[in-house]
Each structure stands twice: as structure tokens, then as C-alpha cells.
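What follows is each chain in one-letter form.
Protein chains: 2
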Amino acid sequence: MAVKYSRNHEVAYYECDVNQTMTFPAMIGVAIKTSEEQSDALNRSAEFIHRFGLTWVITNYHFQIQRLPKVGEKIQITTQAMEYNKYFCYRNFWFHDEEGNELLMIESVFVLMDIENRKMASVPEEIIAPFESEKIKRIKRFKAIPKISAGKSLPYRVRFYDIDSNQHVNNAMYFNWMIDVLGFDFLTTHVPYEVNIRFDKEVEYGNEVMSHFEIVTDNGIESRHEIRIGEQLYCEANILWQTKELEK
Amino acid sequence: MAVKYSRNHEVAYYECDVNQTMTFPAMIGVAIKTSEEQSDALNRSAEFIHRFGLTWVITNYHFQIQRLPKVGEKIQITTQAMEYNKYFCYRNFWFHDEEGNELLMIESVFVLMDIENRKMASVPEEIIAPFESEKIKRIKRFKAIPKISAGKSLPYRVRFYDIDSNQHVNNAMYFNWMIDVLGFDFLTTHVPYEVNIRFDKEVEYGNEVMSHFEIVTDNGIESRHEIRIGEQLYCEANILWQTKELEK
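Chains A and B are the protein sequences, given in the same order.
If you're matching positions, the first sequence starts at 34 in the working numbering and goes up one per residue.
If you're matching positions, the second sequence starts at 34 in the working numbering and goes up one per residue.
Careful: at least some of the hints might be erroneous.
Where chains are identical, the list cannot tell them apart; a pair therefore holds if satisfied intra-copy or between any two copies.
[Unchecked claim] Below, computed lysine to aspartate or glutamate pairings styled on EDC-like, alpha-carbon distance capped at 20 angstroms: (1) K103 x E70; (2) K103 x D73; (3) K234 x D218; (4) K103 x E69.
Everything labelled a hint here was simulated from the structure, so no lab data went into it.
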């Protein structure tokens with residue numbers, strides 16, 4: 034049974050949007066901070082990983098949201114390294130309210146990248162052992178992300194503050210570009226309940242990305258997203274929404 | 034003697050830029066959260082103020098920085114409502130490190146705005162009394178902010194996440210636009226030690242602002258900033274910098 038780690042967090046006003054609920058970048062921020070704290074506690078800090086010439090890269094998130102955390106709310110974030118195979122590490126996050134109700138769950142995929150050649154590296158036992166996650170053979174598949182057939186797009190320049198203290202464009206930023214294109218009216222009348230996102234390639238400082246999107250209403254309300262520079266795909270996602278009146 | 038209020042904060046990786054130090058939006062975020070907590074503790078929450086048909090607006094910040102807070106560092110933020118006159122409330126913030134050394138100080142000016150007519154309102158005793166700040170007659174003047182003579186500029190669109198749960202463009206965002214124009218090379222070789230900023234007019238969602246700037250090196254290193262839409266000025270600032278080698 035893998036080791037769980039929890040921390041408490043009070044949702045600040047600056048972590049919330051006009052809906053009074055936490056933004057995706059803020060949720061990812063506190064989630065990743067929780068996993069960093071666990072890694073530090075197990076002596077597997079980013080610095081330790083760097084000694085192997087490696088660094089963690091996140092390739093996927095899958096959110097299942099019952100209710101978004103609200104401004105002022107005290108929440109608990111729990112994380113657990115679930116399973117790993119030769120190349121992929123699967124980590125879950127759970128957000129709970131003060132009464133212990135689950136607010137949301139995030140499944141994620143982490144890989145180790147060789148800092149020199151920027152290629153994916155196999156997972157050394159010495160790095161992964163303290164998390165006591167289960168070694169598996171198979172590769173877990175996340176839901177397919179549907180392509181955009183005919184979308185609109187807006188340009189976004191990567192800003193200085195989009196690069197965090199880990200020296201990379203924080204992948205929480207992709208959410209900023211994907212959410213923004215949907216516009217005020219949509220975003221204040223709809224609530225997300227499922228998100229599937231894949232990071233394909235790393236955007237760099239100074240890049241101008243295009244945030245492409247399409248809203249499909251064949252079967253519920255779905256927004257589809259692609260972050261591209263020219264034809265090159267950097268990130269793709271889809272988000273399932275319900276209207277606010279129907280909110281659980 | 035006015036009432037002081039303090040809170041502790043651990044600086045998260047997502048609050049820091051590539052220099053491993055806290056961004057201006059993050060510093061303003063935790064400062065304002067501290068003053069909101071004090072107001073709540075004294076039963077003078079935003080909701081209480083709204084009952085008077087009023088809302089707080091910040092018009093000025095003046096930062097004096099000895100050292101920027103670092104990633105992972107445990108800091109303490111203290112605030113105190115210092116003085117007020119008919120229209121202006123003067124509030125200070127101090128950031129200290131774990132050893133009690135002052136990292137930075139922010140002087141600020143708050144005014145009350147009538148929510149209906151969007152005009153400045155005089156400060157009711159009932160709102161201000163619990164803070165036990167000193168009533169003064171004079172208007173405290175902040176340092177003049179020099180105008181730009183011949184600058185460059187970049188455009189920024191106000192994004193959905195730039196509006197916070199207080200329903201306004203968070204004034205911390207202006208820093209995002211002002212800092213970004215200075216570029217990676219400047220920002221990784223210089224450290225700010227004084228900032229003077231004035232908010233003249235409120236930017237709205239959907240606006241595209243121009244972030245004008247000029248670097249003047251007559252007497253030390255100074256960046257001058259103006260956020261404008263066309264000829265209309267929304268925000269002006271100047272920042273004094275030292276090169277990283279000379280950092281205190």
C-alpha cells in the first residue's frame with residue numbers, strides 16, 4: 034500500500050475567479066506542492082532527482098470534479114503515488130472539504146526526463162522505492178482526447194511570470210490560455226465536471242501560442258482545446274461542463 | 034496605537050519566478066489577504082463595508098525591499114492601518130523572515146468608493162474605528178512618479194483569470210504587464226529595491242491595454258511604466274533596480 038501524504042490549505046481570494054471558486058492553475062499549484070512536500074519528506078526532492086541527471090515532467094491530468102473549492106474554504110489535499118511501470122508513474126490527488134467530502138480527484142502521469150538529452154528515461158528503483166507504489170507491467174491509458182474539427186483561436190504570448198521557479202513554463206499556464214478563450218459569458222454560466230489534458234511538448238519563454246477551441250453540444254456540453262504553434266501541437270484537452278442551474 | 038495583525042506564510046514554488054523569489058502579484062496577494070483577515074477579525078469584512086454601499090479601492094503602493102522572499106521560505110506578514118483622513122486610509126505591510134529580519138515594507142493608500150456612482154466617499158467612523166488608526170488632517174503625499182519621455186510598449190489583453198473573486202481586475206495584474214515588458218535578460222540580472230505605483234483608473238475585462246516602459250540610467254537603474262488604453266492613463270509606476278552582483 035503506497036504512502037499517502039496530506040496537507041491543509043485555505044483557499045485565498047487570489048486563487049479564485051469571479052465564480053468564487055478555485056482556478057485550474059491554483060488547483061494544480063496546491064496539488065503539485067503537496068506532491069513536492071511528500072517527495073521532500075521521503076528524501077526524494079527535485080534536487081535528489083537532479084543528481085541522477087533527471088527531472089520530473091507531467092504528461093497528463095484527468096480531473097473528476099464533484100464541486101470546485103470555494104473562496105475562504107478550508108480544504109485538505111491528499112496525494113499518493115499509485116503505480117509505476119518502466120517509464121510511467123501514476124499519481125493521484127484528492128481534494129476534500131472540512132466535512133471530509135471529496136471535492137475532486139486528479140489522476141496524473143509523471144515521467145522522468147534526462148536533463149541533457151531531453152529524452153524520457155526509465156524509472157530508477159532508488160527514486161521510486163520510498164513511495165511504495167505498486168510496480169505494474171501495463172501502460173494505463175487515459176481517455177482519448179477528441180480532435181478539433183472547426184475551431185476558433187486566440188494568440189497568447191508566454192510571459193515572464195509564466196515561467197516558475199522550476200525554470201519551465203508552469204503547465205498550469207496552459208489552463209489559463211485554454212479557459213480564457215471560452216469567454217466571460219460561458220465561464221460564468223457553466224461549471225466543469227471532467228477534464229482530460231495531455232501535454233505533448235514544452236512551450237518556451239518568448240513563444241506565441243495559439244489557443245484553439247471548439248464547443249461541441251452533441252452529447253452534453255464539451256469544450257475541446259489545442260495549444261499549437263503553427264501546425265505543431267503542444268497540448269490538447271477536453272472539458273465537460275454542466276450549466277450552473279444543473280450543478281450538483 | 035493602531036492594531037497590528039500578522040499571519041505566517043510559506044512561499045510556494047508557484048508564487049516565485051525563475052529568480053526563485055516571490056513575484057509582485059504573489060506578494061500583493063498575501064499582503065491583501067492579511068489585511069482582509071484583520072478586517073474579518075474586527076468585524077469589518079468586505080460584506081460589512083458593502084452594507085454602506087461602499088467598497089475598498091487601493092490607489093497606491095510604495096515598496097521598499099531589502100530582500101525578496103525566497104521559494105520555500107517561511108515568512109510573516111504584518112499589517113497595520115496607520116492613519117486616515119476624510120478620504121484616505123494609510124495602511125502598512127511588513128514582511129519578515131524567520132529570524133525576524135525585515136524583508137520588505139509596503140505603504141499603501143486605500144479609499145472607499147460608492148458602489149452606485151463609482152465616486153470616492155468619505156470614510157465613516159463606524160468602518161474605521163476598530164482599526165484604532167490615527168485620524169490626521171493632512172494628505173500624505175507619495176513620491177512623484179516620473180513620466181515616460183520616449184518608451185516602448187507591448188499590448189496585453191485582460192484575461193478571464195485576471196478578474197479575481199472580488200469581481201475586479203486584481204491590481205496585482207498590472208505588475209504582470211509592467212514586469213513582463215522588461216524581458217528575461219533584464220529580469221534575471223536585476224533586483225528591485227523600490228517601487229512606487231499609482232492606480233488611476235480601473236481596467237475592465239475584455240480591454241486591451243498597452244504597457245509602456247522606459248529604462249533610465251542617469252542615476253542608478255530605473256524603469257518607468259505606464260499602463261494606457263489609447264491616451265487614457267490607467268496606472269503608472271517606477272521601479273528602482275540594482276544589478277544582481279550588487280545585491281545587498
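So, going through the hints one by one against the coordinates:
no., hint, verdict
1, K103 x E70, "between (23 angstroms within a copy, 16 angstroms between copies)"
2, K103 x D73, "between (28 angstroms within a copy, 17 angstroms between copies)"
3, K234 x D218, "neither (31 angstroms within a copy, 24 angstroms between copies)"
4, K103 x E69, "between (24 angstroms within a copy, 16 angstroms between copies)"
The structure does not agree with numbered hint 3 stated previously, though it agrees with all others.
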